[in-house]
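Combine both chains into one complex, guided by the hints.
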Amino acid sequence: MRLQVATRHAIFSVLELAAQPHRQMSAVDIAEKYAISPNHLAKVLRTLGREGIVDASRGVGGGYRFVGNPKRLTLFDIIAIFEPIGPTTGGFEAGDDTSEGQALRLVMNEIEDTARATLSSITIDTMLKIARRSKGASIETVIRKAAGQ
Amino acid sequence: MAEEQHFTIRPACAADIEPIIRLDAAVTTTPKPAYWEALFKDCQSRRKQHFLLVAVKDDVLLGFIAGEIRAWEFGSPPCGWVFAIAVDPNTRLSGMGADLFQAICDAFRRAGITKVRTMVARDAQLVMSFFRAQGMMAGPFVELEKDLDE
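Protein chains in written order, with full-length UniProt numbering: chain A, 1 to 149; chain B, 1 to 150.
Source of the hints: derived by calculation from the structure; they are not laboratory data.
Since the model is a prediction, treat every value here as computed from it, not as a measurement.
Keep in mind that a hint or two might mislead.
Which residues of chain B face chain A? A few of them, derived with a C-beta cut under 10 Å, are [as the list claims (entries may be wrong)]:
#1 V56
#2 L93
#3 M119
#4 D123
#5 L126
#6 S129
#7 F131
#8 G135
#9 A138
Just so it is clear, CB atoms sit at the ideal spot from N, CA and C, and this is done for glycine as well.
Excised from the complex, chain B in its bound form (with noise of 0.2 Å):
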């Protein structure tokens, strides 16, 4: 298990993006640089519906979290959506995860958000235990998908 450790979360800025990026593409081994500057530019827009918050531990970047609000899609009212979780593969087991999590829902509920959603693969057990930790359970809505050449 890592050791206690001490970092700050915080809104991303530019130079955190290059990190982003590369952090990323450690864990989920594609890297996509044009996704992720289109998603600082969004948070940069509409800093009260678009957040990318990071961890920093002396001046490293070893985890973020993306989300935004949504609203009515699915005519769901507006609720607050993660859509990407990332910590350092040395700094798991410390916390950081968890904190980025209430992080981003401390953002939510400050801009009036009372429920948070996200969506996991189904083998991706890693990250589903992660957020049902948070106590996160099956939500309401099924996701549905078709092959399109059928």
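Pulled out of the complex, with its shape left as it was, chain A reads as follows (with noise of 0.2 Å):
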């Protein structure tokens, strides 16, 4: 599974803002540390501010910060924000009509709905205790660990 772009640039802010919620941080604080575009983090950054995720503040030492619940805001919830996620309920494929489709389609579900799952169990409390266990790890473990190896 793989999230656009726009979605990763979300969670890592609502980790980086979450991770010193009384900080104010700017844009470019957080672009910086994550190699990414500055601009497009900054419209990442206004859409959470409609969602009621982050909270900001013009002026000089103004930036953003987090509001949110870190034990109720789940991964799913900000992903939902950017993208479609769940099961495979969009609109009717060639082939759908078949016992072969029907069958592809039970299974391409179960997948969606173990990540559904699994992204709706992960808050943002939690994903700050990954990767503070994460800290250290070579990517290569990550990826080792992340494939169950």
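So, in structure tokens, the structure goes:
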């Protein structure tokens, strides 16, 4: 499963801001750490602001602040703001009216149900704990762990 | 959010079974007294493999956790399984669930176990989030099932 760029930016921003909820951070500060475009990130932060997840203040010393509940806000909540997610309920696709098409849909729905359950169960607070545990691990180790090896 | 609670965690005794049955029935809406009575007997007869711990405050049982050490099921080396946890709804967010989980993990560690597992319904978001918050991640097994009347 690959997340869209805006979704990844949103998750990184929320994690960065939630890690230090009393601190205001600028889009540039966050963009630098994750090597992403500050302009694109600013758009993402505005969307998060409209959703009541971050609060923006202007002027000197201004920036963004996390105002959500880290023990309740889940990865699923954030992803759902930026991209469609969930069982394959979209429109009719060629082959859907065959038994093979229905079998394929059944299997794809099983995968998506599992993904949804996983994303719905991981809160921002839990993500921060996972990030702390991953600190110092090489990217190869993280990929191997993610692949269950 | 509930206030900070001060409670004791200890192995269940016979007098705890009735309150465990009541708390479980309140949380799951499915009373199963015979199950809990049998589980308590198992814990008494196999104290090093079966664990039923309770959280008590002012002599009132407010939470419990149950688990056991299973060896070589599905080819897995011995590991601890948590198969039930419940906390009185008015006591939630006090850290009792986390302390119960830590207590049973400590019991597994003392028995030489280095891995703990559980199984959660996919749509039980609250329970799944709880175990995730304790550091649990997806394991190497996938649960499969089949309707036998197919």
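Do the hints match the structure? See the list:
1. V56: Hint on B/V56: violated, closest Cβ of chain A at ~25 Å, above 10 Å.
2. L93: 8 Å, holds
3. M119: Violated, about 12 Å.
4. D123: B/D123 check passes; min Cβ-Cβ to chain A is 7 Å, inside 10 Å.
5. L126: Since chain A brings a Cβ to about 9 Å from B/L126, closer than 10 Å, the hint holds.
6. S129: This hint holds: B/S129 lies near chain A, its Cβ roughly 5 Å from the closest one there, short of 10 Å.
7. F131: 8 Å, holds
8. G135: 7 Å, holds
9. A138: 7 Å, holds
In terms of the numbered hints stated before, the structure departs from hints 1, 3, listed from lowest to highest.
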